[in-house]
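J.: Residue strings, one per chain:
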Amino acid sequence: MKSRVIIAIVLILASFAVSASSLIYSKVTVDEMCDKIEKLRSVISSSDPEAYDRAEQFCKDWEESEKVFMLFTDHNKLEEVGFMVDILPRMIEDTASSGTKDELLHQCEMIIAMMRHLGKLEIPSLENLL
Amino acid sequence: MIRTLLMFIIVSAAVRIMGKRTIGELQAGELVIVLIISDIAAIPMQSMEIPLLSGVVPVALLTAFEVVSSILIMKSPKFGRLVCGRPMLVINKGEIDQKAMKELRLTCEDLFEGLRKNGVFDIESVEYALMETDGTISILKKSRFEPPCAQEMGIESDDTVLRALVVSDGSIDENSMKILGWDNKKVKEILDKSGIGLKDVFILTGCSDGTYKIITKE
Chain A
1 MKSRVIIAIV
11 LILASFAVSA
21 SSLIYSKVTV
31 DEMCDKIEKL
41 RSVISSSDPE
51 AYDRAEQFCK
61 DWEESEKVFM
71 LFTDHNKLEE
81 VGFMVDILPR
91 MIEDTASSGT
101 KDELLHQCEM
111 IIAMMRHLGK
121 LEIPSLENLL
Chain B
131 MIRTLLMFII
141 VSAAVRIMGK
151 RTIGELQAGE
161 LVIVLIISDI
171 AAIPMQSMEI
181 PLLSGVVPVA
191 LLTAFEVVSS
201 ILIMKSPKFG
211 RLVCGRPMLV
221 INKGEIDQKA
231 MKELRLTCED
241 LFEGLRKNGV
251 FDIESVEYAL
261 METDGTISIL
271 KKSRFEPPCA
281 QEMGIESDDT
291 VLRALVVSDG
301 SIDENSMKIL
311 GWDNKKVKEI
321 LDKSGIGLKD
331 VFILTGCSDG
341 TYKIITKE
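Protein chains in written order, with this note's numbering: chain A, 1 to 130; chain B, 131 to 348.
Hints may be right or wrong, so weigh each one.
Heads up, simulated DSS-like pairs for lysine-lysine below, C-alpha to C-alpha not over 27 Å straight-line [stated by the list, open to error]:
no.: 1; chain 1: B; residue 1: Lys208; chain 2: A; residue 2: Lys2
no.: 2; chain 1: A; residue 1: Lys67; chain 2: A; residue 2: Lys77
no.: 3; chain 1: A; residue 1: Lys36; chain 2: A; residue 2: Lys2
no.: 4; chain 1: B; residue 1: Lys308; chain 2: A; residue 2: Lys2
no.: 5; chain 1: A; residue 1: Lys60; chain 2: A; residue 2: Lys27
no.: 6; chain 1: B; residue 1: Lys247; chain 2: A; residue 2: Lys2
no.: 7; chain 1: A; residue 1: Lys2; chain 2: A; residue 2: Lys60
no.: 8; chain 1: A; residue 1: Lys77; chain 2: A; residue 2: Lys60
no.: 9; chain 1: B; residue 1: Lys229; chain 2: B; residue 2: Lys205
Covered by chain B, according to a simulated footprint, are these stretches of chain A (three or more residues, beta-carbon under 8 Å) [unchecked claim]:
no.: 10; region: 73-86
no.: 11; region: 119-129
No lab work stands behind these hints: they were computed from the structure.
In this text, a Cβ means the ideal position worked out from N, Cα and C, and glycines have one as well.
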């Protein structure tokens, strides 16, 4: 019986650790990603030629984070965000030739909103619990 | 396929941790746990978009809760009654307790089925019938319907001896030897005496009084 109690305690602690780390990771990463996209947004607004490189870097950063997110978040939701992030560098290229930034800025806002939503999914709030 | 294998291992481990109580007759709380676990385990197996961890963590937690609640049931009779309920008499001193049957939502057909499962086909022969917490019915027959035991008939009988399967199809069961208080030396002695090798033994049953029976392979 003693060994079963130990296993039960270990399982509870491990589950708590997994849940807490996923919560912390999503909070930290979402904040970080949103911060990066906000900066990218201001670079785009100021028509800085650095925007494309920054968008590429952002894609790479997101791909790295996505690998961890996949362990605890619905893959469909991640794919939606991933798709929006992936097309960002190409949109910057297109904007450079056409000159209209509104759609690009809107895309950045959409990514921020989706990421914030992704972060909220893990929070043990009343909305998520019910 | 890998996910299915992983979930199979995890659920098998969970059932093993929960112990033998869960495998046999289920109490109300245990039935709930088993139903939820089977449902949760199936989701990440079927849907690739659901992370495996979202199946593993709830299964681990439910297993832990089941172990904790079974310990609480053991330690606290009040908690046990709250979770499992308590056995109720449905036949008391040969009389059917209709009030208890109504409370248990037990139909006459259910009662008769329970009696038949106990080998009783005449309700007149039952003195007491209890509805157990796992939903089974236990009965005590009226003494005049019970077969007499050796003591009542004044027959001398040896004390009951424990029998165990020591060798099965050429392989020794260490657990059976432990139960009987035997060791490998004892088995070797028996085989030497019988003039057969271990590989030739189909069944070797041993008794706690030291006697044994060997059936060789054909």
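J.: Look at each hint and say if it fits the structure.
T.: Each hint tested on the structure:
With a C-alpha separation of about 22 Å, the suggested pairing of B:Lys208 with A:Lys2 holds against the 27 Å cut-off. Distance check on the hinted pair: A:Lys67 and A:Lys77 sit about 13 Å apart at the alpha-carbon level, within 27 Å; holds. For the proposed pair A:Lys36 and A:Lys2, the alpha carbon gap of about 50 Å is over 27 Å, so the pair is violated. Annotation: proposed proximity of B:Lys308 to A:Lys2 holds, straight-line Cα distance about 22 Å (limit 27 Å).
For the suggested pair A:Lys60 and A:Lys27, the alpha carbons sit about 19 Å apart, so the restraint of at most 27 Å is met. Pair hint B:Lys247 plus A:Lys2 does not hold up; C-alpha atoms about 37 Å apart against a cutoff of 27 Å. Pair hint A:Lys2 plus A:Lys60 does not hold up; C-alpha atoms about 48 Å apart against a cutoff of 27 Å. Restraint check: the Cα-Cα separation between A:Lys77 and A:Lys60 comes to about 18 Å, which is no more than 27 Å; the hinted pair holds.
This hinted pair does not check out: B:Lys229 and B:Lys205 have alpha carbons roughly 31 Å apart, beyond 27 Å. Figure legend: the region 73-86 of chain A, annotated as covered by chain B; annotation consistent (4 residues with Cβ-Cβ distances under 8 Å, at least 3 required). Note: the region 119-129 of chain A has 0 residues with beta-carbon separation from chain B under 8 Å; the three-residue rule is not met and the coverage is violated.
Violated hints for the displayed structure, listed by number in ascending order: 3, 6, 7, 9, 11.
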